Amino acid sequence: MQNTSSTTRKLVITAVLIAISIVLSIPLNMGPFISLGFIVIGPTIAITIMHVPAIIGAILEGPLVGVVVGGAFGLFSLFLASQQPAGSPNAIFVDPFISVAPRLFIGPVAWAVYVGLKSLGMQVRLISGAVAGTLTNTLLVIGAIALRLNVPFLATLASVSINVVLEMIVAAVIVVAVVSALRGAAGGRSGSSV
Amino acid sequence: MSLELSRNILIGQYIPGDTLIHRLDPRTKILCTLILLFAVSFTRSLLAAVIYLVAILALVGLSRIPVTFVLRPFIRGLPVILFFLSFSVLYLSWFQPGGVVLIEWGLMRVTSDALLQAALSLVRLMSILLLVSLPTLTTRITELTHGVELLLQPGARIGLPAHELALVLTIALRFVPILTEELERVIKAQASRGGEIGELSWKQPRQIAQSLLPLVVPLFVNAFRRAEELAVAMEARGYLGGRGRTKFIQLHGSWIDIVVTVAMLVFVVSVWYATGVWLL
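Taken in order, these protein sequences are the chains called A and B.
Take 1 as the starting number for the first sequence in our numbering and just add one per residue.
Take 1 as the starting number for the second sequence in our numbering and just add one per residue.
There may be inaccurate statements among the hints.
To be verified - For the chain B half of the interface with chain A, some residues (derived, Cβ under 7 Å), not all of them:
#1 Leu-167
#2 Val-216
#3 Ala-223
#4 Ala-227
#5 Glu-229
#6 Tyr-239
To be verified - Residues of chain A placed beyond 10 Å of chain B at every Cβ, according to the derived structure:
#7 Ala-15
#8 Ile-39
#9 Pro-53
#10 Met-122
#11 Val-131
#12 Leu-140
#13 Gly-143
Calculated from the structure, these hints are not laboratory results.
Predicted model only: the values in this text are computed from it and were never measured.
Glycine included, C-beta positions come from ideal geometry on N, C-alpha and C.
If we strip away everything but chain A, and leave its shape as in the complex, we get:
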């Protein structure tokens, strides 16, 4: 069952990861969870895990899946930003150079780090991949904002430093848990594998 690494499989998994991105952004209104993908943990701190599907897709199915899922996430955030009042802070994401382009690289970078560290243990590779993917998202988005709006890169980065650290931790934990659960499920009870 694990060996059917065909185009069909890649297509279906890409689709399902995009569906997960949509589900992660359903409004929940449950305490700190604005949605599952967007969590308020402080008066001015909110973290996101919207980039995690791209990382998981890239690690499990290769960089191309990561590019498509990341691109879908980018288009989604562009679409959400276009609904914001003009001039509000989130409205800068209507620029595809800020919202879409950086997100295309989340998957490939995570995949490259994961594959590059072949000699290390699985946990370390997964954690590094997740951290690299999260950093790619943050650094490239802030870099794009700095380029387009002429704001200092380091000052903007400093203002989100707590978010970045928390997002890296959360992303790493989710990636490790999901990937090892999937690997475990495939190896353990095999069900009706042909």
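Chain A is fixed; fit chain B onto it per the hints.
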């Protein structure tokens, strides 16, 4: 705290019917949705946005889908939307003052321009929500796929994977309600075991992380399991990709479809023009 998530999301659900909207060619519906989507997203006039909203509500009425049903997610999300909008009103009033200052109290300031902007995004949000759910509510998902694929067909000549994109889009849309239901089940399962998801405050980051994991991990794992099964099922039925694939459903547009698309374009452009002349 409400656990009926599937009521909050309509994307991917289909309500059978035999109205004019249901009978239109899926390509027409996709094109008209895109035209309206662009118009609503890029208009800067509140008047134009309201006119578009009325038109969209008329379309919902024509398709005989209860407006309350379609608007439920919007009404549910209203507290959060208003919360964020009030923030952007304060932000806009402070950093981009314009118009008349209505309230000034210490560091708080509210200007008429900021309120207009907020009203515009509220109307916009409502329109977009109706717009994105209408095509899937009135069209079978297979028809929608064929429509998307045929519309992307011209791009296939320059190497755009039209068939694959259409397939991914359809499966993603189809999976949204399934995964939403699954998430709902997981949340209920956690709650019945004493998981306190809704009662946490942001002062408990560790507890938040602890309650997040049991929700997200099953969501991913179940989704992958379903994806695996679907891929095997597709290959077992001889799916080999788009090359040389023939279609069981043939779409036949009629003159009505051309009339509707042209009418939609004319409507959007004329509203744009008219409200641009009388700038609001």
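List in ascending order the numbers of the hints, as given earlier, that are violated by the structure.
5, 7, 8 and 9
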